[in-house]
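Chain residues, written in single-letter form:
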Amino acid sequence: MTSPPERPHSDPGFFNRIRLSILTDPVIPRTDAERKRYLFRNLVLHFRPATVPLDTLRFSLTWGLGGMAAVLVLLQIGTGVLLKFAYTPTPVAAYASIQSLVADVPFGRLIRNMHHWCAHLLVLVAVLHMLRVFFTGAFHPPRQFNWIIGLTLLSFVLLANFSGYLLPWDQLAYWAVTVSTGMLEYVPWIGFAVQKVIRGGPDIGPATLRIFFAVHTAVVPILLFLLMGFHFWRVRKAGGLVIPHAPGEAPPDPPKRVPTLPNLLLRETVVAMALIAVVMMLAIFFDAPLDAPANPGLSPNPTKAPWYFAGLQELLLHLHPLFAVFVLPLAAAAALLTLPYLRYESDTGGVWFASRTGRMAGVITASAALVMTPILIFLDEWLTRPGNRFSGLPAVIGNGLIPFVCLLAAMALFYRMLRRRFSASRNETVQTVFIFLLAAFSIMTITGVWFRGAGMKLVWP
Amino acid sequence: MPKKLVDKDATAALPRRHFLTKLWFGLGLVVFGELAWIVTSFLRPRRTSPLAGDFGAIVTAGPANGFTQNSVTAFPRGHFYLACLEDGGFLALSRRCTHLGCTVPWISEDQQFVCPCHSSAFDIRGAVVRSPAPRPLDIYPITIENEVVLVDTGRTIRRSEFRPEQVAFGRGGANKG
Chain P
1 MTSPPERPHS
11 DPGFFNRIRL
21 SILTDPVIPR
31 TDAERKRYLF
41 RNLVLHFRPA
51 TVPLDTLRFS
61 LTWGLGGMAA
71 VLVLLQIGTG
81 VLLKFAYTPT
91 PVAAYASIQS
101 LVADVPFGRL
111 IRNMHHWCAH
121 LLVLVAVLHM
131 LRVFFTGAFH
141 PPRQFNWIIG
151 LTLLSFVLLA
161 NFSGYLLPWD
171 QLAYWAVTVS
181 TGMLEYVPWI
191 GFAVQKVIRG
201 GPDIGPATLR
211 IFFAVHTAVV
221 PILLFLLMGF
231 HFWRVRKAGG
241 LVIPHAPGEA
251 PPDPPKRVPT
261 LPNLLLRETV
271 VAMALIAVVM
281 MLAIFFDAPL
291 DAPANPGLSP
301 NPTKAPWYFA
311 GLQELLLHLH
321 PLFAVFVLPL
331 AAAAALLTLP
341 YLRYESDTGG
351 VWFASRTGRM
361 AGVITASAAL
371 VMTPILIFLD
381 EWLTRPGNRF
391 SGLPAVIGNG
401 LIPFVCLLAA
411 MALFYRMLRR
421 RFSASRNETV
431 QTVFIFLLAA
441 FSIMTITGVW
451 FRGAGMKLVW
461 P
Chain W
1 MPKKLVDKDA
11 TAALPRRHFL
21 TKLWFGLGLV
31 VFGELAWIVT
41 SFLRPRRTSP
51 LAGDFGAIVT
61 AGPANGFTQN
71 SVTAFPRGHF
81 YLACLEDGGF
91 LALSRRCTHL
101 GCTVPWISED
111 QQFVCPCHSS
121 AFDIRGAVVR
131 SPAPRPLDIY
141 PITIENEVVL
151 VDTGRTIRRS
161 EFRPEQVAFG
171 RGGANKG
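Same order as they appear, the protein sequences are chains P and W. All residue numbers for the first sequence refer to our numbering, where the first residue is 1 and numbers rise by one. All residue numbers for the second sequence refer to our numbering, where the first residue is 1 and numbers rise by one.
The following block holds chain P by itself, in its conformation from the complex:
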C-alpha cells in the first residue's frame, strides 16, 4: 500500500486557491522584475511597454493631455450609463425626465453635471492634445497615420457632444441643433438629403431625438472606444512618444529607459486624480444649464450654436453660407489630413515649435492674427451692414468667392514671403500658417461665445 501523497507545506487554502486562479502574481509587486512581470501579465496594463524612455516622462512634453482625454472618456462612459437609466428619449418626456433626474434622483444633479463638464473638457483637452502633437512635430513618420486616427477621434468627440446637446430637449438644445443642422442646407447636392437623414424628416421632432439618442449612446461610444484602442496601439508601435530635445541638439541615442511601473503609471495616476478633482469641483459648484422646454414656435434671441461651433457661426455672419459651412471647413479638414504627408526638410519630432526660427515666427504671427482678426470683424460689422459686400453682385460671389479668394491669396503670399524673404524651412512655414489660422479661428470662437448678444450684434460681455 502506498501512502496518500503528503500535503505540501505551501498548499494554499480555499480562498487563496480562488485568488491564485485569477492572479498568480503578488498583489503588490515590490521589485523591478516583479513589476515588469506584473505589467506584462495584467489584462488592463499589458498594452503598455515594460520600459519607457526617461525623457518622455517630462510633463512639459505631453502635459498629460492624451491621458486626460482617455480618463474623460472613461468618466463619460461611467456617468453616461447611469444617466441612461434616468432618461426618456421622447420629446414629450425628455425634459421632465431631466427635471426629475436633477430634483429627485439621489446624486442625479451631480452625475448630470459631471457628464456635462466632462463633455466640454473633453473637446478642450482633445483639441489641446492635437495642438501638442502638432507643435512637437509628433506627426512625422512613423506617426503619420496616428495623426489621422487622432483627427477621426476628435470628430467623434465633437459628434458625441453635438448629439448629446439635443437630449435635454430645452430651448438651448432645440435651437442650437436647429441652427447647426440648418447649416447643412448649404452643402451642395447632398445637403438636403443628409439633413433629412440626420433629422429623420424635414423638421426636428421625435425621430430626430431617437436618432440623436442612438448615435449618442451606442454608435459614437462603440466607435470611439474601438478607435481609442487603435490609437494607443499605434503609439506603442511607433516606439512610444517623441523624445523631447532642444532645437539644434540630437536626442540621446539610445535613450535612457526606466520601468513603466511605477514611473509612468504613477504620473498618469496623479494627472487622472487631479483631473477628476477638477471635474468634481466643477460639477459641485456649477450646474449644467437647463433652459425652458423646447418650443418650436419661438426662437430665443440670440440663438447660439454650442461653443465649439461658435467659430463657424461667427464665420457665417461674415461669409456666404456656402463658403462658411462648406468650402472653408472642407478645405481646413483636407489641410489637416494632408499635414503629415507633406514633404518636410527635417523630422522635428520632440522639438517644441520645430526650431528657434519657428518659435519666433509663431509668436509674431499669433500676435498679428490676434490684432487683425478683431479689426476685420469690426470692419465687416460697421462698413458693410446691411446688405451685401459688393451690391449688384450675387451674394455667393460678393460675400463668398471674393473674400475666399482674398484669404487664399493672402495665405499664399504669406507662405511665399516666409519661404523667400526669411528662408524658412517647410516645417517652419507650414507651422506658421497653421498658427495664423488657429489664432484667427480662436478669436472668432471667443467673439461668437462672449461678444455676440441679441440679434447677434457685437456687445460687451
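The hints are simulated quantities; they were obtained by calculation from the structure and are not laboratory data. All values reported here derive from a predicted model rather than from experimental measurement. By construction, the Cβ of each residue, glycine as well, lies at the ideal position given by its N, Cα and C atoms. Some hints here could point you the wrong way.
[Unchecked claim] Which residues of chain W face chain P? A few of them, derived with a C-beta cut under 10 Å, are:
{"hint": "1", "residue": "Arg47"}
{"hint": "2", "residue": "Arg96"}
{"hint": "3", "residue": "His99"}
{"hint": "4", "residue": "Val114"}
{"hint": "5", "residue": "Cys115"}
{"hint": "6", "residue": "Ser119"}
{"hint": "7", "residue": "Pro132"}
[Said to hold, decoys possible] Distance condition first, Cα-Cα at most 25 Å in a straight line; then the derived DMTMM-like pairs of lysine to aspartate or glutamate:
{"hint": "8", "chain 1": "P", "residue 1": "Lys457", "chain 2": "W", "residue 2": "Glu109"}
{"hint": "9", "chain 1": "P", "residue 1": "Lys196", "chain 2": "W", "residue 2": "Asp54"}
{"hint": "10", "chain 1": "P", "residue 1": "Lys304", "chain 2": "W", "residue 2": "Asp138"}
{"hint": "11", "chain 1": "P", "residue 1": "Lys196", "chain 2": "W", "residue 2": "Asp152"}
{"hint": "12", "chain 1": "P", "residue 1": "Lys457", "chain 2": "W", "residue 2": "Asp123"}
Go by the hints and put chain W onto chain P.
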C-alpha cells in the same frame, strides 16, 4: 482521386481555382451590398401622415373675407403665416428663416418678419429686406374654394424672388379674378 487529377491536368485546375476565388469574392460583395441595403432601408426616414390641421396636411385657414388687408395671421399648428397683402391677395409663408431655420416672428410695428438668430428681415411678401438670409421665405400653395382659404403645407415651394403670380386671390379679391 486527387493525385490523378493533378497528374492529368494541372494547368486546367488553376483557372478553375481563379474562377472560384473570384466567385467567392463576388459573393462577398453581394453580401456587403445586401447589408448596406438592409441598413439604409432600416434607417431611411419614414413618411408619417399628419393629423388634420397639423403641419404637412391641408390646413383650412378660414373665409377669404375674414382677413383684413395688410395683415399677417399666424397658424402655429400649420407652421405658417397667412399674409393678406394690401391688394387683398394671399401668401402662405413658411415661418422658417431661409438662413438657418429659426422661427421668424412677425413684428407688426415694423411690418417685418425679423429672425432672432441672425437678424435677417423679410417684408410682408416674404422678400428679403436684410441679409444674411439668401432667399425669400418659402411659400405653400393656396387654393381658395368657395371663398375659403386652404393651404397645402405638405408641399413647400422654394423661390428665388417674389413674383406677383405667387399671390392667390379670392373672387372678391381685386383685378386678377
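Practice problem: Return the numbers of the hints above that this structure violates; sort them in rising order. | Solution: Violated hints: none; all satisfied.
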